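Novice: Two chains, two separate frames, one set of hints: put the complex together.
Those protein sequence lines, which keep their order, are chains Z and U.
With the first letter of the first sequence counted as 1, position 510 gets the number 533 in the working numbering; the numbers rise by one all the way through.
With the first letter of the second sequence counted as 1, position 21 gets the number 24 in the working numbering; the numbers rise by one all the way through.
FYI, nobody ran anything at the bench for these hints, they're computed from the structure.
Just so you know, these numbers come straight off a predicted model, no measurement behind them.
Please note that the accuracy of each hint is not assured.
Pairwise CB distance ranges, derived in the manner of DEER restraints [claimed, not checked]:
{"no.": "1", "chain 1": "U", "residue 1": "15", "chain 2": "Z", "residue 2": "112", "range": "43 to 49 Å"}
{"no.": "2", "chain 1": "U", "residue 1": "148", "chain 2": "Z", "residue 2": "174", "range": "32 to 38 Å"}
{"no.": "3", "chain 1": "U", "residue 1": "25", "chain 2": "Z", "residue 2": "140", "range": "52 to 58 Å"}
{"no.": "4", "chain 1": "Z", "residue 1": "479", "chain 2": "U", "residue 2": "302", "range": "45 to 51 Å"}
{"no.": "5", "chain 1": "U", "residue 1": "217", "chain 2": "Z", "residue 2": "526", "range": "53 to 59 Å"}
{"no.": "6", "chain 1": "U", "residue 1": "283", "chain 2": "Z", "residue 2": "429", "range": "44 to 50 Å"}
{"no.": "7", "chain 1": "U", "residue 1": "24", "chain 2": "Z", "residue 2": "45", "range": "36 to 42 Å"}
{"no.": "8", "chain 1": "U", "residue 1": "333", "chain 2": "Z", "residue 2": "404", "range": "47 to 53 Å"}
Think of the CB as a built atom: it goes at the ideal place given N, C-alpha and C, for glycine as much as any other residue.
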Amino acid sequence: MSSVTGQESSNAPPVVEMRGIVKRFNQTVALNGVDLTVKRGEVHAIVGENGAGKSTLMHILAGLIHPDRGQIALNGQPVTISSVESAYAHGIAMVHQHFMLLSSLSVAENLTLGKEPTRRGLFDRIAAAQAVINLGQRYNLVVNHAAKVADLSVGDLQRLEILRALYRGAEILILDEPTGVLTPQEAQGLFRVIRELKRDGKTTIFISHKLEEVLEISDSITVLRDGHVTGTLVTSQTTAPEIARMMVGREVFLKFDKPQITPGKPVLECVELCGPGVQQATFQVRANEIVGIAGVAGNGQSELADLIAGLLPSTAGTVKICGQDVTQASVSARRITGFANVPEDRYKHGLAAQGSVSDNLLMGVHDKPPLSRHGLLDLKAIANRAVELIKSFSIKTEKPASRASTLSGGNAQRIVIARELADNKPFILVAQPTRGIDIAASEFVREEILKRRNDGAGVLLISADLSEVISLSDRILVMYDGRIIGELPAAEADETRLGLLMAGIREETTNASKTA
Amino acid sequence: MLQKPLNPGLRTFITQTLVLLILAAFALLIGAIAVAIAGKSPVTAFQELLQGALGTRTNIAASITRSIPIIINGVAATIAFKAGLFNLGLEGQMVIGALTGAVFANAFKDLPPFLLLPLTILAAATAGGAWALPPAWWQVRFKVPLLVTTLLLNYIANYFASYLVNFPLRDLSGGAAVPQTVMIPEAIRFGIILEGTRLHAGVFAIILLPILVTWFFSRTSLGYRIRMSGLNPDFAQYGGIHTSRMVLIAMFGSGAVAGIAGVIQVLGVDFRYIDGTLVTPAFAWSGFIAAILASSNPLLIIGTGLFLAALKVGAAGMQRNTQIPLQIADVVQAGIIFMVAIRLRIGEFVKRLLFPN
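Pulled out of the complex, with its shape left as it was, chain U reads as follows (with noise of 0.2 Å):
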């Protein structure tokens, strides 16, 4: 059907894309399995659906606001990924990032704005970093895996986080029921860049961060370092590279920027530390997704980012219009999880379907 062989960089992408567009495809069609079986007409639930993503200018900005931690989270995610990690921490570190950025921004209100705002940003993402750093030294020194340390730190982040917030940190001038720090100065909240929308600044991290991660694999010895120790450790130890400071360095900067995906809630949304705000949603756990889903490549991450935010911005709405309840959200999710995991026979599949010499 082809008469000229496609480079293979261009058939890569092609397959890739083509298998996105599948998995997302089976995903909803589970979705509304689940949805014809809850007793609802999936096609309503669908239409409602894209309409509370998409629908209204309101509902687009809903969504890309949405995608704003998402996208941060994955691209998190995928720094760890290069180095061959899973850093299942994200939540954590973006917990531990936001608190300490809101700290740091009202210890430091007397600052001038334009000193404020970066340090802030600066004391999230090293603090964000500096909580990813004992699961990456643990593993390094005594081979404790990664994997579970990461997890298991996220319930102390979280539960320490919520008892700085409920007693020591908490703002009791409003007499507000919700445990919350005391609002971040004026001065350096992101300000609102479409009329009536709460779409906010922040949103420029989400074009920057995974532009300049790729230019960091790409382009700097240390990205290099850091992605031959996470293809193939042995390698990169024989090539004079010292693999466990590439897992510290890589674990330090994966956290370092879930610290900035929590920050930027704070400076952009919420205005303050308030309790549960950031792990409610699970954004970290819906930029893991979107960073696997792009093969951890950066720059695919707002494209998967953006689809797992309009999903769940759109299910909200659906639940208001229709009554079918916004969880179908998460098991669409769910069913992009599971087609993840059989990812790699589609992509055989699709790629001898696209191109059978």
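Just chain Z, with the same shape it has in the complex (with noise of 0.2 Å):
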């Protein structure tokens, strides 16, 4: 493992230096000894699976939690950082995943919030927005300073918690994985607000699992994997594979095998479909096909998905599943007509939490026969499968009768697809299937999504990763402002075309765009 060396080097100690850190969460070691060194200017992007402990380690650089072990120093001083107050303090600040702002309040009052300007000590509304000007040109971070928070866009957002951080005297930036709430050409914005930040000598520190952008924006790299450092590297020295590999400990294939079958008769038809956040929708699903939905969250994708479920009141159109009008039909006819649901929040209606694995694994097949005759429940039938799942698809668990509560978001998930993809049902509406879960997790997921397509089965995959969408998708469609404004074979398909379909740019031009 090389030693970071991105910047000439000078005898400066680094700008942070966070040596041995031990952090446990009860019986869990979330961090054991953990280096971090960050120089001074540079661009640090920290990587790794969800629980590899990237959150918990820059937490504790930002005074939200307290180490069990280990000493900071931030240019060469050793320092204790107790509270979020005293890491700003020290010049750190964090810009987090969910924004903490004041919705009914406007930029120039989000900013300064905390450190308000007055004059003869009322609130200097004049000088708030001459901050927010200030700070914008400088750093090209662009906001209207009058606009309430609640109209902004999700990046109009993120500029404001930087910009605050900024206004708050933040030398050291800390961003949790920032681009998962944008689209591809906001997140070439952000970072050009990052490269604009490094000219000023800021130094930014960049929690990311999306290897692509670590290597474009990162000067270096610290790998985590279960509370250890696997690796330190300079990523002018370093390759995508070879990051992957320190992140889960072997190669990680994001292209798959997917071998070429004609896609046979529809299993799912929507025509005009029309409900609550969704205009008009008209595709299908073919058999031995999947076809993906694209978009920046928010655009109608969830309300299809609970629409084609029945959770939701269509207001027009229709839903066909394998061939059967099912729009008026109810949760429970829909299932029995051929139809499987693996649902974007998995905790709200994927699972019950405080349910048992084995009753978890038993929803929707509660009243199917061997499982359960004439009302009753055979506890054998039902063991016998739950075991079976558990072992085909890998759940770790203590045992069927464990908690599903107890299992690591990744665990849960495994749940959700065991019960969903057992049952060989011809159409499978598919979610965020990986959202928030691990590599090895996310790769077993998508292998099995796939393995029921080449078995027949006709898959909808709504996704906010681009590249899961475009890895997977036979066909790919994406969805603005409720419509599908645009639909790709997935060969024609690279994360530029969708991103200006998902920012609401149609590619009139171009034959490949068929509205549908």
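Specialist: Have a look at this one:
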């Protein structure tokens, strides 16, 4: 493992030096002796799978939690960061995944909150507005100072959070998975800002699990796995496979072996389907086919899924599953018709966290022989099925009777996947199947979906992860503002073309764009 | 201290039992303080309490007899808990069930007993269940909190029943001062099963019902659907379960069991419906507490219900012999409710103390 030599080696001490950081949460060791060295003025990426300890490490630096052991030195001086305020005092600020802004106040008011400019004891609006404009110009971070936060786009919210950090005098900015909520174009905008910050001598620590981004924007990389540092790398001297190997301990293939199969009969047909947040969606999913739906979160994908599942009432149009009109049918009738559903929010819809693993595996088939006859459950058959599914889907649980809440996110998702893919349903709706789960689990989930497609199922895949959509899908639909505004064969899709569509810009001139 | 890690089920059971004992100890301590403040000796008080509850064969039988309506109400509360509902209307459902049972038994007194007895119980259960349905419907249809409506319906049930036994249904034959119905036919009254005590055949229900309800929730598809609706209604809906229907069914079941609690008092203790005899002893509320103490485990309710009943019976004995007011028992019960409120934290604490790794 090479040590970081990104900047011209000066003898100045590193701006952040963390040594031997240990943090336990009850029985689990989140960080087990982690070292981190960040040089002044660099962009340092922290990468690792979910649960590797990235966020915990950064929360310690930002004063949100306290380490059990270990030292922190800033510019060579040992410090104790006891609170968020003390982190601020040391020039450290963190921009979280979930923005912490007051939506009823203006941009200028939010920016200055906690350190308001005053004039004769009263809040000085003009000075606050000026602060937004000045900082914005300096870092190329333009946000309308008079706008209400509630009216801002996600990208603007993020810019405002960064401005807030800068306003409070941050020298070290920690960005927690900042691109997760952005379109590719918005992400490029963020990278321009980060470069601007770097030019100004600020240090940026960038948490991510998207390797392309890390390679693009960072100077050096620290890789975490299971609470250990498994690599410190200079970005210019490494490659994505190398980082991935350090993250998971083996090679990860993002390209799947996808045999060409001619799609069969349609298993889902939506015609002019309308409902809350969805307008005139017309498309088909055929057997042996994965149709991906790409889009920035909040453009009607979740609602479309609920309309198909029967969880939201449609206002117009029709839905057919396996040729049967189910527009007015109940959820259970749709399931009987041959429909499986991996929901977007696994803890809200996909599981009863306080129920046992076995209970969770039974949902949807609780009235189906041989598991249940004449209203009586066959506990033996149910237990056998649970043990079988736990084994074949490698669900890590002590026993079938353990509560689902005791399982990790990836294993919780395996429960959902196992249950929904188990009975060879001809149509499978899959939403955000790998959100928030680690690489090994993600890979497993994707392979299982692909396996079902090869075995004859039609899959509708809704995902915010573009590389997932591109690598799994046979065709890709893009949703924007409740409408399906474009369709591309997966072979012709790349992040740029999808990104434009996701931003609502139709490629009228390209022959590949056929508005459904 | 422990060599091998215990299996988690056993671990939870040990923790739960210990927590219950700690709770009881704390509650009794609060009671002791109350006795001391009243200027009496807590030691004498508790000796008398224990004597009154379990000191003699008669006292034990009295405690068990007292526990019957408490445990059955506890089971009723549990059925609603499983669906994620707080049925605070057990009292009204019990009253309506008891009165219906008494009226039914008298109206059809010519039926052969082997038919009349089950039909009387069935009528009481149906009436209790029906009384629980409107709040369920209001919650499902209009989003009116069931917690509030069930509670308020108690007053309507109590006063309505009170009116009926004061006027149209009043037994005028004996010239008794107490508003009550005519006595039910002798043939269907529960027999005494322990000579010289008042322990009646209704006691079998405190074993039968918890087992039946446990079986229902673990072995039937309907039980599964109700449990899932209670654990996570969004998940249940996603899985194709009609959660609204589950609310109605669970409330009907809960009310029906409360109705059975009422009619068993009629069949085994009072032999008629007497105004206030079900409300004054607060059977329903003790049952509710028994259910909460037992973490909605129907089998554990047998234990918690017996404890609460023994506490009440013992307190009566204590008052007779020491002039310490029996309200001390209510103080202890209040202490328990208070302890239940902070139980979760104690649970974590006990677990960490016992199983530090």
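Novice: Broken hints, numbered, in rising order?
Specialist: Result: no hint breaks.
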